[in-house]
Amino acid sequence: DTEVTQTPKHLVMGMTNKKSLKCEQHMGHRAMYWYKQKAKKPPELMFVYSYEKLSINESVPSRFSPECPNSSLLNLHLHALQPEDSALYLCASSPPGSEGETQYFGPGTRLLVL
Amino acid sequence: AQSVTQLDSQVPVFEEAPVELRCNYSSSVSVYLFWYVQYPNQGLQLLLKYLSGSTLVKGINGFEAEFNKSQTSFHLRKPSVHISDTAEYFCAVTLGGGKLIFGQGTELSVKP
Chain A
1 DTEVTQTPKH LVMGMTNKKS LKCEQHMGHR AMYWYKQKAK KPPELMFVYS
51 YEKLSINESV PSRFSPECPN SSLLNLHLHA LQPEDSALYL CASSPPGSEG
101 ETQYFGPGTR LLVL
Chain B
1001 AQSVTQLDSQ VPVFEEAPVE LRCNYSSSVS VYLFWYVQYP NQGLQLLLKY
1051 LSGSTLVKGI NGFEAEFNKS QTSFHLRKPS VHISDTAEYF CAVTLGGGKL
1101 IFGQGTELSV KP
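Going down the list, the protein sequences come from chains A and B. Each residue of the first sequence is one higher than the one before, counting from 1 in this note's numbering. Each residue of the second sequence is one higher than the one before, counting from 1001 in this note's numbering.
Mixed in with the good hints there might be a few duds.
[Said to hold, decoys possible] Looking from chain B toward chain A, a few residues come up when the C-beta cut is under 10 Å (computed):
{"no.": "1", "residue": "Y1036"}
{"no.": "2", "residue": "S1084"}
{"no.": "3", "residue": "K1099"}
Treat the hints as calculated values from the structure; they're not laboratory data. In this text, a Cβ means the ideal position worked out from N, Cα and C, and glycines have one as well.
Put together the whole structure using the sequences plus the hints.
Have a look at this one:
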C-alpha cells in the first residue's frame, strides 16, 4: 500500500484566516515532505522532515509553519497568506533504507487565497 | 548543480502510436532518476525509477525508460498509447538527501 492521504481536498481562505493542511501515511515511512505546485509548473520543495525532525526548509516565508507530531502525520499551518500563495499543496513520504530516495505523493490540497 | 531538462513541453500523438518523452539531466556524480505522471486535478503518481542495476526500467501502465549514463538521459517510452495516458509527465533526479529536482514537465496529449 503506497497511499498518502491529504485533507482537505480543497480550501478557500481569506488573508486573515488561520487554517491547517493535514497529511497522513501509514506505510512506516520516516521522511515526509511538503511541496507547492503552481499551474503548469513542477512541484517546488518547501520542507522536509526526517525522523520527525525538520531537516530542510527551502527559505519558505514564516506564514507557512510545518509540524510533524508523529511519524505518520504532517501538518502545514497557514496564517496571513497572500493571493499568490494559491496553489496545489502536495505532501509526499519516502521509506527508510535503500528505497529512501523514492517519494510517494498524496493527491494534494488545492488552496485558494482571497 | 543538478538540473533536469525535458526537451518537449508538449507531445501530441494519436491513440495506439508509440511515444517517447525525452529527459536529460546534468550531474557529474551518480544520481537516482524518476518519472512521475500527473493526471488533471490529481497528485503525482510514480511511474518508474532507476536507483541502480539494469539500465532498462519497466514501470506501470506499460511504460519503460532507459538510463543512458554516457548521454545523461532517461527517456520514457510506451509502444502504444491510450487516450487515458493524456497527462503531464515529470522527470526528476536526486543525488540523495530528499531534494528531488524536477524537469518542467511534458504534456502528453493522446488524440483518437
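Hint check:
1. Y1036: At 7 Å from the nearest chain A Cβ, Y1036(B) passes the 10 Å test, so the hint holds.
2. S1084: Violated. Min distance 18 Å.
3. K1099: holds (6 Å)
When each numbered hint is compared with the structure, a violation occurs for hint 2 only.
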